Amino acid sequence: MDINFESFVEWDSSPFILFNNSGKILYLNNAAEILFGYVSKKELYDISVSYAPQNFGYKTTSLALNYDSFLFHAITVGYESEEQISLRLYNTPRIKPTRKLETDKFITTNINILLEANIALFKTKNTNPLKLLTDQDLPAFKIDQNNFSKLLRKTLNAFRSSDSIDISLKLLIGQHVIIDNKKEPIIQLAIKANGRYAETDDEIQLLAAESQIKSLLKEHSITLEIPLIQ
Amino acid sequence: METFFTTSDKIQHIIKSFNLTKTLFVSSIIIGDAYTGKKSLARYLFPDAHLVSGANQEEVQSALENYDELIITDFEKLSNQSNFDFSNKRIIATANYIGNATLIDDLFAFIYTMPPLNERPEDVNYLKNLFVKEAVSTLMIEPHTIDEKMIPLNLTMNSKSLKKYIFLHLTQLSMDDKDIQSVMYNYIFKHLDGNDGYREYLNLYEIPLIEAGLKKYGSQLQLSQVLGINRNTLRKKIHEHNID
Numbered sequence: 001m002d003i004n005f006e007s008f009v010e011w012d013s014s015p016f017i018l019f020n021n022s023g024k025i026l027y028l029n030n031a032a033e034i035l036f037g038y039v040s041k042k043e044l045y046d047i048s049v050s051y052a053p054q055n056f057g058y059k060t061t062s063l064a065l066n067y068d069s070f071l072f073h074a075i076t077v078g079y080e081s082e083e084q085i086s087l088r089l090y091n092t093p094r095i096k097p098t099r100k101l102e103t104d105k106f107i108t109t110n111i112n113i114l115l116e117a118n119i120a121l122f123k124t125k126n127t128n129p130l131k132l133l134t135d136q137d138l139p140a141f142k143i144d145q146n147n148f149s150k151l152l153r154k155t156l157n158a159f160r161s162s163d164s165i166d167i168s169l170k171l172l173i174g175q176h177v178i179i180d181n182k183k184e185p186i187i188q189l190a191i192k193a194n195g196r197y198a199e200t201d202d203e204i205q206l207l208a209a210e211s212q213i214k215s216l217l218k219e220h221s222i223t224l225e226i227p228l229i230q
Numbered sequence: 001m002e003t004f005f006t007t008s009d010k011i012q013h014i015i016k017s018f019n020l021t022k023t024l025f026v027s028s029i030i031i032g033d034a035y036t037g038k039k040s041l042a043r044y045l046f047p048d049a050h051l052v053s054g055a056n057q058e059e060v061q062s063a064l065e066n067y068d069e070l071i072i073t074d075f076e077k078l079s080n081q082s083n084f085d086f087s088n089k090r091i092i093a094t095a096n097y098i099g100n101a102t103l104i105d106d107l108f109a110f111i112y113t114m115p116p117l118n119e120r121p122e123d124v125n126y127l128k129n130l131f132v133k134e135a136v137s138t139l140m141i142e143p144h145t146i147d148e149k150m151i152p153l154n155l156t157m158n159s160k161s162l163k164k165y166i167f168l169h170l171t172q173l174s175m176d177d178k179d180i181q182s183v184m185y186n187y188i189f190k191h192l193d194g195n196d197g198y199r200e201y202l203n204l205y206e207i208p209l210i211e212a213g214l215k216k217y218g219s220q221l222q223l224s225q226v227l228g229i230n231r232n233t234l235r236k237k238i239h240e241h242n243i244d
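Sequence order for the protein chains is Z and P.
FYI, the working numbering numbers position 96 of the first sequence as 96, with every residue one higher than the one before it.
FYI, the working numbering numbers position 191 of the second sequence as 191, with every residue one higher than the one before it.
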């Protein structure tokens, strides 16, 4: 029986890349295509070469790789000829929220209102300049207003003594998240500054996880990817 | 309808934030010293909301079951705060102090701090005019007899002390000697005991007499002449009462 495995690789959620011996990409699957928005071809080729097995064959190595919001915990590098080398990166599993989202209890909300209210609250305590770039046409969506407000408060509070705070709110075009077997669009809230406090990062992550919001906390920024449930 | 006057930037931001979240189901708390206008602000923003005091535990419990929109004053007086479920309710709480910060942080989405009156000079001025007007009408004083500059601004208890001392000051202005005697009568009647009463209560007369005299006449020499007593006697009295 002849089976063509290519489409299985193509739709695998873990990135798969096939390089030639000069680092040129011969093939990449969908997941890898998205990943290349955040990491260079050369970097991944170099990793493939460094972790390649000594002889023809396949070798899996555990290592933590982190490109923006993509987290990997292992890679497999393999080659069967001198001409081609393949790299597969294994997605780190995301921790599933322990409690199911009770979306029927959520209230349809204009996120711009909640954000502005939280900025007003922030301004009662801080005088830092703050820039806001938002899309006023974002559709209203369902969210736990109280929980989400707490998350916004804590997130903004991490920037309480930062200068040049930049807040942007936009729809992530072409990206989705699956919640209750439904494909939902994603709204991204990104706050950047010259630095921030990190002492409440755990609480921010916890509150975000409770609303199935993906939080990405870095030294100078916090990004929240909010499912647009309607 | 309630009005709320303020020129404070901080409070303007609080009002803005509340106005934005007015229709949302979020929990908010305003924390600040007593008599800074927390309850008035909550009432002004939510004129139709049911209002309960945290001093009455049971009332709060039953109100939480029956209302989706609720003002809870004196939140710090509630003892079982951690049992509350504010989800999908519009809660506006006020508290004189934060108490258990972690718990407050956990319960409330919006935590506002009400600035005290001494950080809000223009608000003080507004309240002063309001209280003076009220006092003039209540005490039936002729407005032209009031010297604006003499009105004391006591902010130790925010609007409570401000109001109290304005009323006291204006009451005193309208008193004649009989009223003053009657005030002293009541005071002495209430407090007199022990075995040194004469000397103790002589203060009530001597201290204001000397202080006002010194302020009015400047020098001890001149005052002793006005009072018709010996300069040494006056100096002794000043020393005795620790008057500067």
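Honestly, I wouldn't trust all of these hints.
[To be verified] Restricting the straight-line Cα-Cα distance to at most 25 Å, the calculated cross-link-like pairs of lysine-lysine (DSS-like) are:
1. Z:K105 <-> P:K22
2. Z:K125 <-> P:K236
3. Z:K105 <-> P:K89
4. P:K89 <-> Z:K142
5. P:K190 <-> Z:K154
6. Z:K170 <-> P:K16
7. Z:K154 <-> P:K16
8. Z:K125 <-> P:K10
9. Z:K125 <-> P:K178
10. P:K22 <-> Z:K142
11. P:K10 <-> Z:K123
12. P:K22 <-> Z:K123
13. P:K215 <-> P:K190
14. P:K89 <-> Z:K154
15. Z:K123 <-> P:K39
16. Z:K125 <-> P:K16
17. Z:K131 <-> P:K16
18. Z:K142 <-> P:K164
19. Z:K154 <-> Z:K105
20. P:K178 <-> P:K160
21. Z:K131 <-> P:K10
22. P:K128 <-> P:K164
23. Z:K154 <-> P:K22
24. P:K16 <-> Z:K123
It is worth saying that the hints were derived from the structure and are not from the lab.
All values reported here derive from a predicted model rather than from experimental measurement.
Now for the hints, and whether the structure bears them out:
1. With a CA separation close to 19 Å, the supplied pair Z:K105 and P:K22 stays within the 25 Å bound.
2. Simply put, Z:K125 and P:K236 have alpha-carbon atoms about 54 Å apart, too far for the 25 Å limit, and the pair is violated.
3. Distance hint between Z:K105 and P:K89 is fulfilled; the C-alpha atoms sit about 11 Å from each other, no more than 25 Å.
4. A distance of roughly 16 Å separates the Cα atoms of P:K89 and Z:K142; the hinted pair therefore holds under the 25 Å criterion.
5. For the given pair, P:K190 sits about 55 Å from Z:K154 by alpha-carbon distance, which is inconsistent with the 25 Å threshold.
6. Under the criterion of a C-alpha separation no larger than 25 Å, the hint pairing Z:K170 with P:K16 is consistent with the structure, at around 23 Å.
7. Taking the CA atoms of Z:K154 and P:K16, the gap is near 19 Å; set against the 25 Å cutoff, the hint holds.
8. In summary, the hint linking Z:K125 to P:K10 is supported, as the alpha carbons are separated by about 8 Å, within the 25 Å threshold.
9. About 53 Å separates the Cα atoms of Z:K125 and P:K178, which puts this hinted pair outside 25 Å; it is violated.
10. About 17 Å separates the Cα atoms of P:K22 and Z:K142, which keeps this hinted pair within 25 Å; it holds.
11. A hinted pair counts as satisfied when its Cα atoms are at most 25 Å apart, and P:K10 with Z:K123 qualifies at roughly 7 Å.
12. Only pairs whose Cα atoms come within 25 Å are accepted, and P:K22 paired with Z:K123 is accepted, the gap being roughly 18 Å.
13. Distance restraint check for P:K215 and P:K190: the Cα-Cα separation of roughly 31 Å exceeds the 25 Å cut-off, and the hinted pair is therefore not satisfied.
14. Between P:K89 and Z:K154 the alpha-carbon distance is near 20 Å, which keeps this suggested pair within the 25 Å criterion.
15. Using a Cα cut-off of 25 Å, the hinted pair Z:K123 and P:K39 holds, with the two alpha carbons roughly 21 Å apart.
16. With a C-alpha separation of about 14 Å, the suggested pair Z:K125 and P:K16 falls inside the 25 Å cut-off, and the hint holds.
17. A C-alpha spacing of about 18 Å is found between Z:K131 and P:K16, which places the hinted pair at or below 25 Å, so the restraint holds.
18. Proximity of Z:K142 to P:K164 is assessed by CA-CA distance (about 50 Å); at most 25 Å being required, the pair is judged violated.
19. Our distance criterion of 25 Å between C-alpha atoms is met by Z:K154 and Z:K105, whose separation comes to about 23 Å.
20. With a C-alpha separation of about 28 Å, the suggested pair P:K178 and P:K160 falls outside the 25 Å cut-off, and the hint is violated.
21. Of the supplied pair hints, the one linking Z:K131 and P:K10 holds, its CA atoms being roughly 19 Å apart against a limit of 25 Å.
22. The hinted pair formed by P:K128 and P:K164 meets the criterion: a straight-line CA distance of about 11 Å does not exceed 25 Å.
23. The hinted pair formed by Z:K154 and P:K22 meets the criterion: a straight-line CA distance of about 21 Å does not exceed 25 Å.
24. Restraint check: the Cα-Cα separation between P:K16 and Z:K123 comes to about 10 Å, which is no more than 25 Å; the hinted pair holds.
Comparing the model with each numbered hint stated earlier shows that hints 2, 5, 9, 13, 18 and 20 do not hold.
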